[in-house]
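Given next are the chains, with one letter for each unit.
Protein chains: 2
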Amino acid sequence: MENNLGRIRAAELQDRVVTPEEAASWIGDGMTLGLSGFTRAGDVKAVPFALVKRAETESFKVNVFTGASLGSDIDRLFAEAGIVNKRLPFQAEPAMRKKINEGEMLFVDHHLSHTAEWIRSNVIEPIDFAIVEALSITEDGMIIPTTSVGNSSVFVKHAKNIIVEINTAQPELFEGLHDIYDTGKQGERMPIPLTTVDQRIGTIGIPIDMDKVRGIVFTEQLDSPSNIVAPDEETKIMADHLLEFFRSEIRAGRLTETLAPLQSGIGSVANAVLHGMIDSEFEGLEVYSEVLQDAVFDLIDAGKVEFASCCSITLSEPKMKQVFGNFDNYRNKIVMRPQEISNHPELIRRLGLISINTALEFDIYGNVNSTHVSGSKMMNGIGGSGDFARNARLAVFVTKSIAKEGRISSVVPFVSHVDHTEHDVDVVVTEQGYADLRGLAPRERVVVIIENCVHPMYREALREYYAEALTRGGQTPHVLEKAFSWHTNLAEHGSMLVKKEQTV
Amino acid sequence: MENNLGRIRAAELQDRVVTPEEAASWIGDGMTLGLSGFTRAGDVKAVPFALVKRAETESFKVNVFTGASLGSDIDRLFAEAGIVNKRLPFQAEPAMRKKINEGEMLFVDHHLSHTAEWIRSNVIEPIDFAIVEALSITEDGMIIPTTSVGNSSVFVKHAKNIIVEINTAQPELFEGLHDIYDTGKQGERMPIPLTTVDQRIGTIGIPIDMDKVRGIVFTEQLDSPSNIVAPDEETKIMADHLLEFFRSEIRAGRLTETLAPLQSGIGSVANAVLHGMIDSEFEGLEVYSEVLQDAVFDLIDAGKVEFASCCSITLSEPKMKQVFGNFDNYRNKIVMRPQEISNHPELIRRLGLISINTALEFDIYGNVNSTHVSGSKMMNGIGGSGDFARNARLAVFVTKSIAKEGRISSVVPFVSHVDHTEHDVDVVVTEQGYADLRGLAPRERVVVIIENCVHPMYREALREYYAEALTRGGQTPHVLEKAFSWHTNLAEHGSMLVKKEQTV
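So the protein lines, in turn, are chains A and B. Just so it is clear: in the first sequence, position 33 is 33 by full-length UniProt numbering, and no numbers are missing. Just so it is clear: in the second sequence, position 459 is 459 by full-length UniProt numbering, and no numbers are missing.
Please keep in mind that the hints were generated in silico from the structure rather than gathered at the bench. Misleading hints may appear alongside valid ones.
Any copy, or any two copies together, can satisfy a pair, since identical chains are not distinguished.
[As the list claims (entries may be wrong)] In silico lysine-lysine, DSS-like type, Cα no more than 30 Å apart, as pairs:
(1) K400 / K98
(2) K160 / K53
(3) K304 / K185
(4) K400 / K482
Only chain A is shown next, with the shape it has when bound in the complex (with noise of 0.2 Å):
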């Protein structure tokens, strides 16, 4: 402990220190929490710990506002204890999904640029207790973050209280890496000064009021590693589509082959597209996302990768000791944000972003939904797929066109819930093919997407609703007494794909 004090710079802050069961015990029934951690990367761990400990002996439920999902566990043990009344922006955790999925715990499936402006305008919850991650607090009362930046610093500034959770186990050269920009208020605010990847607008750390810091807590627990799969046979040929498109773009003179800063979401999928990059001719390339995952690593490792911005670094066990053991490769080629920065949709249009996120599922029209399984069950959130998608140069939304051995079709007559419009979707890829749908009316798109991204399994089904739907007509024809028939029959039969003798 005496060893971690300097860590804490500011010498006026040194005497705040407390256990973290202290720090929990200040938090009331009813209040609302603001907690780091993006992409179970630099979540809070001591402080909420605890507060599962309290629930144990006590009853209170709590609003948990962070960045994104939490590591840790965390989501999980909060959600099995029961504390949380609401929940926003984002979680991806099976047990608190169960919760929510159950009813017995709110939801707020927000776009992640957007909490920001919430907490600054008061529209949300205030913040009784921002609870932070960081490698230190500075002289000048700067928190330096840790492995992501989040919502931290708009908490921070808003909340009443404020604890530090000091993680010791966290890589301290990643100090000088983060630069935390203030938008300020919408209608009083300047342009946001950004105009590279590489740029750095702000400082180095969180400024703080330090009067507001209630308690600092000492922890020493590395993140969870990310549990995300290993490409596979039909994520690789994905892959090789998305990089066929955008070789047909460098033939149409629209990109060259440092293509245009890469977004990509989280998980398996994105990160298996972007691992397809490695033996591709692309180089020079640049990362302007949320989160970076292995793959990017792996991209800089093999000097395809330039400078990559993030708000959150989320590794897997072996890439997590390569990088933080070899720091200094990496140190200049990396910038965290932010998520209102890393997700503005002033940037991201600005910079001209192609936006790589993954759907749930995709319809015959191009809407895709990213979120809820057959219309009702929430899986993780939208996350920041929303910010992107809505404002980037180029939305591409990728899945694998059937699951669960084909008992499922990723792409359906009408999607049972939308998150992206067809408005905001620009590319569909599945390991059947990429449909390129700039341009196209409705009745275009169809054809490309049955003919380029349709398991052939499913194929004729989804031309014989498109055939019943035109007797219909219409700009987007529908027969809506069938539109969710695919899902009906998954519900009651087990599978889409459902042999007409089998629905008489």
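Fit chain B to the given chain A structure using the hints.
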């Protein structure tokens, strides 16, 4: 004609005057035209009329790209002549709508701020002829637009050929009102420097490459007057609900009496809602919108609106006379911008707009359909509503709770087409009341929507739907096999409200 030559102040262009017929003769089958015109304002007239005339004896098709909807019957004449292959990004004309829904022409329903990016980056068909209406051409070769800017500047810059139609009936007083700014290419551009509604950041005209001017045509015809209908009792009540919401925002300290820059969509309802502010306590208002309709000028007259930025001015016949006849009252209170700027996400988010647009229907979770009747038939198009809703401080959607004497409920279990997802819709307003959806989970939204916004004749049926949906569980409970039953009831029985005995 000779007097008119004074309108061509660039001397080297004076010998390029041709007849509309000659100009129209240059247009070949398969070409793509970029026409001025936005919400019935500032459309070119003579060349399109001549083109329609040519179609009487000749068979050809062209792509027609515009700012938004055309007036002067041009969309109708184009549709009836059958000369349009592809139309984008917006139309609002019954005959054209019919052709679109019959599949006889292609319509790409597109965010109004995005077309410029597509043109600039060569994603869609290149413009063979930009044909733009002008007040005059300046000495240094700038086109001074008329009552709209639309996409004219980007069309002119990227077209192979330019035809200028100088309309001597349009008010020359408008010179100096326009502010033309070119964002430059994605990935290479600077921040757009605009930080206040009244700021000028560009030039008063559209700079052109004079070599590309193939011909100049004269015409003398006012724009079509707007076809909005006057406020009625219900729109007045809707306006009152919206004002009540604004007051509650002021009480919560989130707005002041000057509110925030207002955007209001095209159409009677949005116009009526703005009109409702005339007798309110709000003042010192600003407008940052696409189109200025009568209500904004009434608000200027009433001393309520201090400045209005727009892309077009579309007035009723009497209002046109009044405004053009007393223009000195308005000159310093208006600026006209390209639609890429009036609708730019960067600016909408920075300025923190309050955006008010019309919904066709919305569902119990707040998803909005702005475009498709019963999921298939196109009305007009998404227009700018997506540009605004997804980036505004407050995205408000308004609609009457019922239509067709109650045979249609505007609030349904599941919208038959999604233009704006639950993530992008903050407040919904009907004549029944308003529902503030911000920060609410889906299960919370249902309650305020049903109790505040739904017509009493449909409330119980929606409560029943939701009660059954709850038995299925989920973040967003639905009964998929009944989700569109209201729409199929309407198709089969002529009403969404089918008595139980009727459905047996």
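Checked hints:
Taking identical chains as interchangeable, the C-alpha atoms of K400 and K98 lie at most 30 Å apart only when both belong to the same chain, with a minimum of 24 Å there against 37 Å between chains. When the C-alpha separation of K160 and K53 is checked against a cutoff of 30 Å, the pair qualifies only within one copy, where the shortest distance is 24 Å, while the shortest distance between copies is 71 Å. In this assembly of identical chains, K304 and K185 lie within 30 Å of each other by CA distance solely across copies; the values are 24 Å between and 38 Å within a copy. Taking CA atoms no more than 30 Å apart as the test, K400 paired with K482 passes in both settings, with 23 Å inside one copy and 28 Å between copies.
Going through the hint list in order, the structure satisfies each hint without exception.
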